[in-house]
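Undergrad: Chains as they are written, first to last, in numbering that gives the first Met the number 0: chain A, 0 to 482; chain B, 0 to 257; chain C, 0 to 404.
Treat the hints as calculated values from the structure; they're not laboratory data.
Wrong hints could be hidden among the right ones.
[Said to hold, decoys possible] Restricting the straight-line Cα-Cα distance to at most 25 Å, the calculated cross-link-like pairs of lysine-lysine (DSS-like) are: (1) A/K52 <-> B/K14; (2) B/K14 <-> B/K41; (3) A/K69 <-> B/K41; (4) C/K159 <-> B/K147.
[Unchecked claim] Facing chain B, a subset of chain A residues (Cβ under 8 Å, in silico): (5) Y28; (6) E32; (7) P41; (8) S65; (9) A67; (10) L68; (11) V71; (12) A75.
[Claimed, not checked] To spell it out: a stretch of chain C is covered by chain A in this simulated footprint if at least three of its residues, at any positions, have a beta carbon under 8 Å from a beta carbon of chain A; those stretches are: (13) 34-43; (14) 113-122; (15) 128-137; (16) 172-180; (17) 370-378.
Computed from a predicted model, the values in this text were never measured in an experiment.
We treat Cβ as the ideally placed atom computed from N, Cα and C, and that holds for glycine.
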Amino acid sequence: MTKKIIKTAPKKTTMKKAIPSDIGAQAGYVRIEDAPLLPPPPSEAGITGWLYKNIFASMSDFGSVSAALKSVFVAASTLFILYFLITQISGLLDFAIFSAVWSDPEGLKRQACWTVEQGGALPNGWHAACWPFIEAKAKFIFYGAYPNDDLWRVNLTYALGGFMLAWVMIERLPYRKIVGILLLTVYPVMATVLLTGGAFSISTGTIGVATILGLALITIGRLGKAGYVSGAFGDLAMVAGVCGWLVILFAAVLAVFAIDFDLEAIDTRDWGGLLITLVVAITGIVASLPLGILLALGRRSEMPVARFLCTVFIEFWRGVPLITVLFMASVMLPLFMPEGVNFDMLLRALIGVTLFSAAYMAEVVRGGLQAIDKGQYEGADAVGLSYWQSMRLIILPQALTHVIPGIVNTFIGLFKDTALVSIVGIFDLLGAAQSTLADAAWSTPVQGLTGYLVVAVIFFVFCFGMSRYSMFMERKLNRSHKS
Amino acid sequence: MAQPQNTAEQSVDQKTIVSMRNVNKWFGQFHVLRDINLSVDKGERIVVCGPSGSGKSTLIRCLNRLEKHQDGDIFVHGIELNNDVKNIDEIRREVGMVFQHFNLFPHLSILENCMLAPIWVRKTPRAEAEEIAMHFLTRVKIPEQASKYPGQLSGGQQQRVAIARALCMQPQLMLFDEPTSALDPEMIKEVLDTMVELADDGMTMICVTHEMGFARRVADRVIFMDEGQIVEQNEPEAFFNNPQSDRTKLFLSQILGH
Amino acid sequence: MFGRDRSLTSLLNDTFIRGILFQALIAIGLLLSINWLADNTLSNLANQGKTLGFDFLTRTAGFQISPTLGTWMLDYKVGKSTYIDVYLIGIINTFIVALLGILAATVIGFTVGIMRLSDNLVFRWFSSFYVEVVRNVPLLLQLFFWYFAVLRAMPSKREKLELVEGVAGLNITGLYLPAPIVSDGFIYSFLSLIVAIAITFLVRRYVLRRQAETGQILPMFWIGLGIIIILPVLVHYLNGSPLDWSLPEFKDTGPKLRQGYQSGAGMVLVPEMLAVWLALSLYTAAFIAEIVRAGILAVSRGQTEAAYALGVRPNITLRLVVIPQALRVIIPPLTSQYLNLTKNSSLAVAIAYPELVSVFAGTALNQVGKEVEMIFMMMMVYLTFSLMTAAFMNWFNSRVKLVER
Chain A
0 MTKKIIKTAP KKTTMKKAIP SDIGAQAGYV RIEDAPLLPP PPSEAGITGW LYKNIFASMS
60 DFGSVSAALK SVFVAASTLF ILYFLITQIS GLLDFAIFSA VWSDPEGLKR QACWTVEQGG
120 ALPNGWHAAC WPFIEAKAKF IFYGAYPNDD LWRVNLTYAL GGFMLAWVMI ERLPYRKIVG
180 ILLLTVYPVM ATVLLTGGAF SISTGTIGVA TILGLALITI GRLGKAGYVS GAFGDLAMVA
240 GVCGWLVILF AAVLAVFAID FDLEAIDTRD WGGLLITLVV AITGIVASLP LGILLALGRR
300 SEMPVARFLC TVFIEFWRGV PLITVLFMAS VMLPLFMPEG VNFDMLLRAL IGVTLFSAAY
360 MAEVVRGGLQ AIDKGQYEGA DAVGLSYWQS MRLIILPQAL THVIPGIVNT FIGLFKDTAL
420 VSIVGIFDLL GAAQSTLADA AWSTPVQGLT GYLVVAVIFF VFCFGMSRYS MFMERKLNRS
480 HKS
Chain B
0 MAQPQNTAEQ SVDQKTIVSM RNVNKWFGQF HVLRDINLSV DKGERIVVCG PSGSGKSTLI
60 RCLNRLEKHQ DGDIFVHGIE LNNDVKNIDE IRREVGMVFQ HFNLFPHLSI LENCMLAPIW
120 VRKTPRAEAE EIAMHFLTRV KIPEQASKYP GQLSGGQQQR VAIARALCMQ PQLMLFDEPT
180 SALDPEMIKE VLDTMVELAD DGMTMICVTH EMGFARRVAD RVIFMDEGQI VEQNEPEAFF
240 NNPQSDRTKL FLSQILGH
Chain C
0 MFGRDRSLTS LLNDTFIRGI LFQALIAIGL LLSINWLADN TLSNLANQGK TLGFDFLTRT
60 AGFQISPTLG TWMLDYKVGK STYIDVYLIG IINTFIVALL GILAATVIGF TVGIMRLSDN
120 LVFRWFSSFY VEVVRNVPLL LQLFFWYFAV LRAMPSKREK LELVEGVAGL NITGLYLPAP
180 IVSDGFIYSF LSLIVAIAIT FLVRRYVLRR QAETGQILPM FWIGLGIIII LPVLVHYLNG
240 SPLDWSLPEF KDTGPKLRQG YQSGAGMVLV PEMLAVWLAL SLYTAAFIAE IVRAGILAVS
300 RGQTEAAYAL GVRPNITLRL VVIPQALRVI IPPLTSQYLN LTKNSSLAVA IAYPELVSVF
360 AGTALNQVGK EVEMIFMMMM VYLTFSLMTA AFMNWFNSRV KLVER
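Please take these sequences and the hints and turn them into a complete structure.
TA: This is the structure in structure tokens:
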């Protein structure tokens, strides 16, 4: 029966009513003695409480048929999952540690990991990791075919990069900004020289022309700033000035590349393994960041042409798989360049990866720009800052701190995606591992599994570490932005 | 005191709406409700006050099983509050609650917010549910907002809708959990006025609030809680003018002093 | 007045004209670059003796493609089918593996996401463990793992592992299932399914109207399920069951080369497809799980408390209060993940499952050599998917936006 609307009760004549005396609570009641502080029941606290709440609570609701069925299902699934986890993890530990072969003192190579049936010494049915295989191939997995004598250069690059990165990441150290800028500008040049050997054949003529051009543009810029050129052309002049500085920078980089540091020249085809993975991922991210910022600004701009072009660019690169980008880069890039310009395979992949990553980076930065309160833009305008000044001094610094977690996530994605370059013939970590599988001297039934396991662990360590860092940063930023 | 009935039978003439005996509750190690004994009659208006962390919200949330008590008995309208789902459903039908943060359903219109429970819990036909909803929306004085969405209303309006929504189930008891604490000052009055009108019409209510003016105006009893226990309760005049316990005195001086 | 005029013109000068000038510069720069690139491309192509053109599409393709849905639908024959067929086969195979992957990933992802929020510690640990491991290892590596793990476990070509006696079995050449053979009357069974669905909609309208008028709630879910199952099955049997199955055939006698599962009988899912499906589903499911978890957490506890306080039972609360709000938060990133899954299917080129990239940019490109055209055709397919998804998301967001001041 549906309830009819209850007529309102008759209005009370007095506001307050004496409390009926047949209620336990009397008119007026004061506690004389505190009630005792008692320990909680077992279902609430302590080990039993924890066990109950975390495991048994979901299995003990038998209030109705459906609840009872659910409880039984949960109990059965819990048992099954526990069983599954325990068997898989113990199987994995057994494979990787307990039953694994750790050393090959007699230099037997593959025989060290063969069972009696196959001609070796291990009991039949043995199936575990063959670590001497990894030991022998470790250098290949980490450095590729890089000449052994020059490995110090790679190690120096790693060490320097790691040191500077740690400096920037640790909060309490001073001069973090300066180190950060050095990391993004000077370090890549140094790393390129160290890894490739430098001494590119760049004529002094080119360097000279670039320097003069740069100086000229800077002068134009200065003139514009000082007011000798008016109106719209004044802005053009200032843009020219900025370009001038970039050209000078470019000339400086060319000069450094031209110097002969007496290092052995090592072709990028000899690079491989983790080295390639790191080079591709880091170059991709570092190069795509400025491009991504420009694209994000362009997409939010009020000029329809800029907005249209940036949107098309971003949506194009985000809409196609990375593998097609890599195919495009490796197959079509030589077609796009004038005859005779020969493109290093690695460089082609780097260009593809950078453009691809820039589109995703642009979306991340755009999200950060959108998150900034409109008042910031208005405030900057009110103080009289120009578009570029307000971007540089007020908006971008705030937006970038907002998006650091997003950037780290994009980097994690990019790091994983670098594995795709193995499909276009570049030996990254995965590719190097795959090629070690072709070595017949180490051919065992567990060769594949051991190799892939090591690669998986390396990837996992890097990616998981970065994702933890990103969560740490996010938490920190959320705390500092609590309004 | 009349013995409360244990079965699910309920008689609308039941005088004692709420009966809590020796109720204890823990959150982990923390003993949040200590030896609570409370009886509320039909038509009574109770105000519960006390410092934050004293367990006032937990107390009323135990009454509709949003929190579970671990020790003692609670009877609402003659029905025992335990793990039996049928009891809990029945009790929740007879008890309405208004929350500090309104908790209106943002994806439904005001009218739909009010109609949801009558349709799905009391199985009311739609036309009748709409009639009931409009009746109570008129009662809280915002019938013209019926087709709007919660995001379009001010805080005070949202809270009044929340009151109407609870009333649409025509409960025997209304619980208010700091209904005005999240409101801007200029909107507190409109909500308190609505609550006063409700009280004048004879609704049994238990309010957790800091609004002492409201307590003086409307309450039959004021209960002071501290550290999980009921420290003092009395008629408002006696409570405010002649507090007995030191802790009550301290609290009142903090609340009323400035 | 003169002063006023001058400031007006310099204002125009500064913002408006400056904007136009800037854009004109960009446009000119872009056109020049495109012109230069096109120039280079044409001359490079000329040097290699190639021209631009799509006429290669009508040539016949000379390579074998693994038996998949695409080859079956287009009846692919080496030497007879053209490159257009190859293109379409690639699209169909991409589509089918993406569709199956989306279905599996959604089911697994939602389950794992809900498990992450469970009271049960074992469920929580397991789902966290799964999500963290799967998300931090490259998809390509997981694909290889499933491919090799799947392959390793399979019996060899001349043996088999029977799943259902005589009906389904697998070995290293694939998973063999019965293939449906439809005879004439089957169209009625299919039509009756459509009719059953239509009837269910009508019944639903009746049930809702009845609830609005009398307040009575009928169990729509079971009624609908009953109609959809019973009606077509009834029609099917009354019609004489016009559906035959071609069972897989296995020969273990005769010439060694011809032993094993025979082609042409039954339906086969090649291991490459199974590996791609598994890898894509499990990988994307981990991301979907996180999205689902975030979506459910986004609905504040107060919403469920308010509904419970009104006496609304948990399942109805879920249906009317929690899920509508959670879905608003879940669906946009969910569609992104679906798109990612479709794009990630291109990784199948690494294990030679004949989807679009593998068959068109791999084998066909090697044979035809028309890089520009073929890569363009490939990218168009993916871009179309992306744009359709983006359009859908925009439409969805505008429809379900919460009305605010």
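Undergrad: Work down the list of hints and note, for each, if the structure agrees.
TA: Checked hints:
1. A/K52 <-> B/K14: Status violated; Cα separation ~38 Å.
2. B/K14 <-> B/K41: holds, 5 Å
3. A/K69 <-> B/K41: violated, 39 Å
4. C/K159 <-> B/K147: violated, 66 Å
5. Y28: Check passed: Cβ of A/Y28 comes within 5 Å of chain B, closer than 8 Å.
6. E32: Result: violated, 10 Å to nearest chain B Cβ.
7. P41: It is violated, given that the least Cβ distance between A/P41 and chain B is near 10 Å, above 8 Å.
8. S65: This interface hint is violated because 10 Å lies over the 8 Å limit.
9. A67: With a minimum Cβ separation of about 12 Å from chain B (threshold 8 Å), the hint on A/A67 is violated.
10. L68: Violated: closest Cβ of chain B sits about 14 Å from A/L68, beyond 8 Å.
11. V71: violated, 17 Å
12. A75: violated, 23 Å
13. 34-43: Holds, because 5 residues of the region 34-43 of chain C bring their Cβ atoms closer than 8 Å to Cβ atoms of chain A.
14. 113-122: Per the Cβ count (6), the hint holds.
15. 128-137: Since three or more residues must qualify, the claim that chain A covers the region 128-137 of chain C holds, with 7 doing so at under 8 Å.
16. 172-180: Contact hint for the region 172-180 of chain C vs chain A: violated, 0 residues under 8 Å.
17. 370-378: holds (count 5)
In the structure shown, a violation is registered for the earlier hints numbered 1, 3, 4, 6, 7, 8, 9, 10, 11, 12, 16, in ascending order.
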